[in-house]
Amino acid sequence: MKPTGHVLTDRDGKPTRDQPWIFRTYAGHTNVRASNELYRGNLARGQTGLSIAFDLPTQCGYSSDHPLAEPEIGRVGVPINTLDDFAVLFADIPIDRINTSMTINATAMWLLALYVALAEERGIDAATLEGTTQNDIVKEYLARGTYIYPPEPSMRLIVDMYEHCLRHVPRWNPSNICSYHLQEAGATPEQELAFALANAVGLLEAIRSRGRVTADEFDRCVGRISFFCNAGIRFVEEMCKLRAFTALWDDVTRERFGVRDARYRRFRYGVQVNSLGLTEEQPENNAWRIALETLGVTLSRNARCRALQLPAWNEALSLPRPWDQQWMLRLQQILAYETDLLEYPDLFDGSTVVESKVAALRTGAEAEIRRIDEMGGVLAAIESGYMKTALVRSQADRLARINAGDTIVVGRNRWTEGLPTPLLSGDDGGIFRVDPASARETVEALRATRTRRSQAAVDQALRALRDAAVAGDNLVPASIACARARVSTGEWADTLRGVFGEYRPVTGVEGQRLRLEGASVETVRARTAAWTERHGNPPRMVVGKPGLDGHSNGSEMIAVAARHAGFEVIYGGIRMSVAEIVQSAVEEDASVLGLSVLSGAHLDIAKLVLDELGRHGVRDAIPVVLGGIVPDDDIPALTQLGIRAVFTPKDYDLMGVMSRVLDVIGAPVGQSAAHAASA
Amino acid sequence: MAAAPPALDDATRDLLERAARLEKHAVGRLVSLVEQESAESRSRRAALFRYLAAHPDRHPDAARIVGVTGTPGTGKSSLIGRVCLRLLEREPDFRIAVVAIDPSSPVTGGALLGDRVRTQFPVGEPRIFFRSQASRGDLGGVGRRTFAVTRLLRHLFDLVLIETVGIGQSEIDVTRLADLTMLVLQPLAGDHVQFMKAGIMEVPDVFVVNKCDEEHLARRSLAELASALEFAQVGVRSPRIFQTSAVSGLGVEEVATFLADQARVRPGPGVRRAQEAFFLRKAVAEAYGRFGTDEVERLFPGGTLPGPEANALEEIEDRILASIRSRIR
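Chains as they are written, first to last, in my numbering: chain A, 1 to 679; chain B, 1 to 329.
Extracted from the complex, chain A is given alone in its bound form (with noise of 0.2 Å):
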C-alpha cells in the first residue's frame, strides 16, 4: 500500500493545499495621501492585507497641531486626526473586503470608531468589517510605552470594545495579546509565553467580571481573542514556542474559563518577526535572518500564523523604502507559492524531539504564571515593577551575553571584517527620509476640517462622550458620534483624559542589574572618580527621552550603566518635552545630558534641545550626548549641530559608551585606561 502520512486532505478526502496566511506589511508614514498611495501600491503587488503603522501623536492622543505632536509628524506612521483623513488614507480601498491591522492601542476605541464611522458613510455594513485593533495596553505600560491613561480606565475602554464589537462588529478583534513587543524589550520564549497568557486571563477576567455579556457572547469573546507574536533567530525554539502557545491557550481556556467549543479556544495569532536580532553592521544579512525566522512561525501546521509581516532587512537603519517592503513580501509569496510547505499535514507531530522542547517551554511558562497568579494577577505584577524588572534583566542578560561572546552575532561580534554594502550606495543612501514639509499638509488639513465642521456638533459629542465616561456607559457609540462631528484625535483623548487623568508608571530603571564586571567597568569607574577628585562630586548625567516614542529600554539600559560607573543619574521617564528635559539638566546642574531618540527625529529634537539650552545660556556649559536610531549619513550634522557624542544600536557595549561620555566631560584617561585603548 502506498503511504499516506503525508499528504494533506480536504472534508471529501481529496488531497489539497492549505491557504497561506494573511501576508501584510507594516506601513505608514508622511500623511494619509503618501500612505495611501504607498498602500495601493502593496496591495498591486500581492499583499493581502493591511498593516497600519500610526505615527505617536495619534498613538499618544494629541492632534497634529499639539507640541508635542509637531517633531513626531509622520515619523513613524500615518498622522490621523480626523474622519476626514481617514477617507484620504482608504481611499480607492475596498475596507469591506480587505482585512486591516491597526497598531493602535490607547486610542484604539478611537480609530476604530473612525473606521466605523467610515464604513457608515460608504454605506457599509460594520458587520462586515474585519481586521484587528492591537489595543493591548499592557505590554504599553511594560515595554512600548504609548499608555494615555491608568492601567483600570484603559482596561475598560478595552472591555468596552469587545461587548461593542461582539453585537455590532462581530468580524473585528477588539485586541491582540502582543508577546511581541516583550522578546523586543528582551524576554525569553519562557516569559514571553507567561506574561502574554497572564495578559489574556487579566483581559477575560475584567470582561468576565464586567458581567455585561452571557455566557455564550463571553465564549465568543474568547474566540476573538487573538494574539501577536515574535520570532526570533533560534527558530527551532521559536517553532516549539509557538506550539507550547497553543496548548498552553487551550489549557487555560478550558480549565479557567470553561470554554467548550473547541473552536474559540483556538489560539490563533499575527506575527512580525523579530527586530531585536536585527544588526547595523552589514545590514544585507538581515535578510537571511528574517528569512529564516519566518520558518519558526510557518513550518508547523498546527501553530502556523494566520498574518505575517516581516521587517525590512534595512529596519536598524531607517522605515522601510517601498522596494525594501516588496523584496520582504517576495519571500512570503515565494515561501507560501513556489515551496510545497502548504501541502502537507503537521511535520512535526510525534517528534520526540519537538515534544520534549514544547513540554520543557510548558513547564518553565507554567511556573512563571503561578508566580503571577500568586502576586494578584497580570495588573498587579505590572504596578509592582515586577515584570518590567524582569523583562530587563533578561534584557541585560542577553547583551552581557552578546559582550561576552557567548552568543554569536555574525557582524557584529564574529566576522566583523566585511565588503561594504552595494545596497546602501543608492542616490538614498539605502534609508528613506520622511519630508519634514509634509507635516504641514496634514495640519492644513486639520485646520481646514475645523473650520468646515459644526463647532456645536462637535461641542455636543464631547459633552455625550463624558458623560459616557463619568456614568460607566460603553464608550464606543460615543466615539463613533464623535468620529461622525469630525471631532479630532486630540480633543477625544483630552475629553477622557479629563475624567481618567494620566498614567505616570514604575520605570525599569528601579532595581535593575546589569552584569558588567571585569577590566573595562574598573577602567571606567577610576576614571570617573579621578573627575570626582577634581570636582568635588560625581558627575550628573540628566537622561531623557523627548518627544512622544515611548520605547524606554535604551535610555533606561544607559541609565543603570551610568550608574554602574559611578554617576548620579536623573532619570525623568518618558514622553518629556524638550524644554522639561532642558529644565531638569539647569537645575540639577547636569554635568551631560543624554538624550534617547529612537523615533527618527534626532536631527529636530537635537536643534530643539540646543536652542533651548541657550535660551538658558548654557549651551556650552552642558555637553549633550544622543543615542538612538542614526544613520551614519546623519552623524557628521548631528556633530555640527554641536551633539558631542552619537550612540547607535551599534554600541551595545556600554561601558564602551560611558567611557565615550567620560572623555565627554572631560574625564582624565587614566594609565590603565590609556593601555586598553591602545591595544
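One or more hints might be untrue.
[Claimed, not checked] Part of the chain A face toward chain B, derived, beta carbon under 10 Å:
#	residue
1	Pro150
2	Ile402
3	Ala448
4	Ala529
5	Arg534
6	Gly536
7	Arg540
8	Ala559
9	Gly566
10	Tyr571
11	Gly572
12	Ser584
13	Ala585
14	Asp589
15	Ala621
[Claimed, not checked] Derived list of chain B stretches under chain A, where covered just means 3 residues or more per stretch with a C-beta under 8 Å from a C-beta of chain A:
#	segment
16	107-119
17	125-136
18	299-306
Simulated from the structure, these hints should not be mistaken for lab results. Using N, Cα and C, we set each Cβ at its ideal position, and we do this for glycine too.
Fit chain B to the known structure of chain A by using the hints.
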C-alpha cells in the same frame, strides 16, 4: 592663626545675584557649590555664607524648612507636586524649592535619582525649583550636604521642602534640619505599627494619610492612626492630621493652606544656630568619632555656638578641625 577670610569672588557673587532673580541655572550651580567637597569649593562656600549673613537686607534668611518623609510607595512625590501647584496658583509671589534625596550606591558611588518622574512641575516657572540629591555616603541620606543646601535655599525661597525616603535614621535627622516634619502614610499599610516600633511616631509634627481615594478606607485608617498616636502617648502636643488623595485632589487645599501659613512663621531665636551646631557635631563625629565630639564639647561647652554675627559656621568648623588636628599630632 588663619588668614583673613577670603571675600566673595566675582563669579560667585554674580551667580548669587542671578539666583536671587531665580534664574534656574544659577540656583543649580550654587547648590552644586555648597554640595561639593573640594578645598576650593569649600573656601568659596565659606565666603558665600559669610556674604549671605552680612546682607540680610538683600538676601533675607526667610524660608520655612519642611521635611516630608514616609516609606516608598506612599505617594509623597505626587502629593508634593499637587500641593506645590496649588500654592503657586493661589500665592502669586510665593517661591518654593523642593530637594528630593535618594541613596547612592555604597559600591560605585553612583545613584539613580528618579523623583522627577513623579513630581510634575510646570516648565519655565521660576517660582519653583526642583533638585535631586544623592546621599553620597551620608548615613540615612540626610546629612551635612542636605543641611548646606537648606542654608543656601533659605535665602532664595519662602518654602523649602526636603523629601526623604525610608524609615529610621533619615526621619530623625530630617527633623534636625527641618522646622516642621510631615510623615506621609498610606491607608492601612501597617506603616504606623512599624513607625511605632521604631519610635518614630513621636517625631513628626504633621501626619498625612495619603491615597485616601476611598472614603471607608480613609475613615478606618484615620481611626487606626488616632489610636496608634494615643498609644504612643504623643498626647503632649497634638499633631495635625490630614487626609489627602493626589488623584481626587482631596485635602490638597488644606495642606496648601497649612504650608502657606507655616511659611509665614519665622524661626525662633537660636533655632538656626542649634541646627548648625547639630550638623557640625555630626560631621565632626563622622570624621573623628568620639574624640572629635569631645573636642567640640571642650571648645563649646554644652554645644552652644556663638551667634552668627560673631562667627560664620565655616570659621567655627575650621577652628574645631585645626584644634583636633593639632591634638592628633
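Each hint tested on the structure:
Of the supplied interface hints, the one on proline 150 of chain A holds, with its beta-carbon coming within about 9 Å of a beta-carbon of chain B, less than 10 Å. Proximity of isoleucine 402 of chain A to chain B is violated relative to the hint, the smallest CB-CB distance being about 23 Å (cut-off 10 Å). A distance limit of 10 Å between C-beta atoms decides the matter here; for alanine 448 of chain A the minimum to chain B is near 31 Å, and the interface restraint is violated. At its closest, the beta carbon of alanine 529 of chain A sits 7 Å from a beta carbon of chain B; the interface hint therefore holds under the 10 Å criterion.
The criterion of a C-beta within 10 Å of any C-beta in chain B is met by arginine 534 of chain A, whose closest approach is roughly 8 Å, and the hint holds. Interface restraint check for glycine 536 of chain A: the shortest CB-CB distance to chain B comes to about 3 Å, inside 10 Å, so the restraint holds. The beta carbon of arginine 540 of chain A comes within 8 Å of a beta carbon in chain B, closer than 10 Å, and the hint placing it at the interface holds. Checking alanine 559 of chain A against chain B by beta carbon gives a least distance of about 6 Å; that is within 10 Å, so the hint holds.
Taking 10 Å as the C-beta cut-off, the interface hint given for glycine 566 of chain A holds, the closest approach to chain B being about 5 Å. Because the beta carbon of tyrosine 571 of chain A sits about 5 Å from the nearest beta carbon in chain B, less than 10 Å, this interface hint is met. Checking glycine 572 of chain A against chain B: minimum C-beta separation of about 5 Å stays under 10 Å; hint holds. Below 10 Å, beta-carbon pairs count as interface contacts, and serine 584 of chain A has one with chain B at about 6 Å; its hint therefore holds.
Evaluation of the alanine 585 of chain A hint against chain B yields a held restraint, the C-beta minimum of about 9 Å falling below 10 Å. For aspartate 589 of chain A, the shortest C-beta to C-beta distance to chain B is roughly 4 Å, which falls under 10 Å, so the interface hint holds. Checking alanine 621 of chain A against chain B by beta carbon gives a least distance of about 8 Å; that is within 10 Å, so the hint holds. Coverage of a stretch by a chain is defined here by at least three residues with a beta carbon nearer than 8 Å to that chain's beta carbons; for the segment 107-119 of chain B and chain A the count is 10, and the condition holds.
Look at the segment 125-136 of chain B against chain A: 6 of its residues bring a Cβ nearer than 8 Å to a Cβ of that chain, three or more, so the hint holds. By the rule of at least three residues with a Cβ nearer than 8 Å to a Cβ of chain A, the coverage given for the segment 299-306 of chain B is violated, with 0 such residues.
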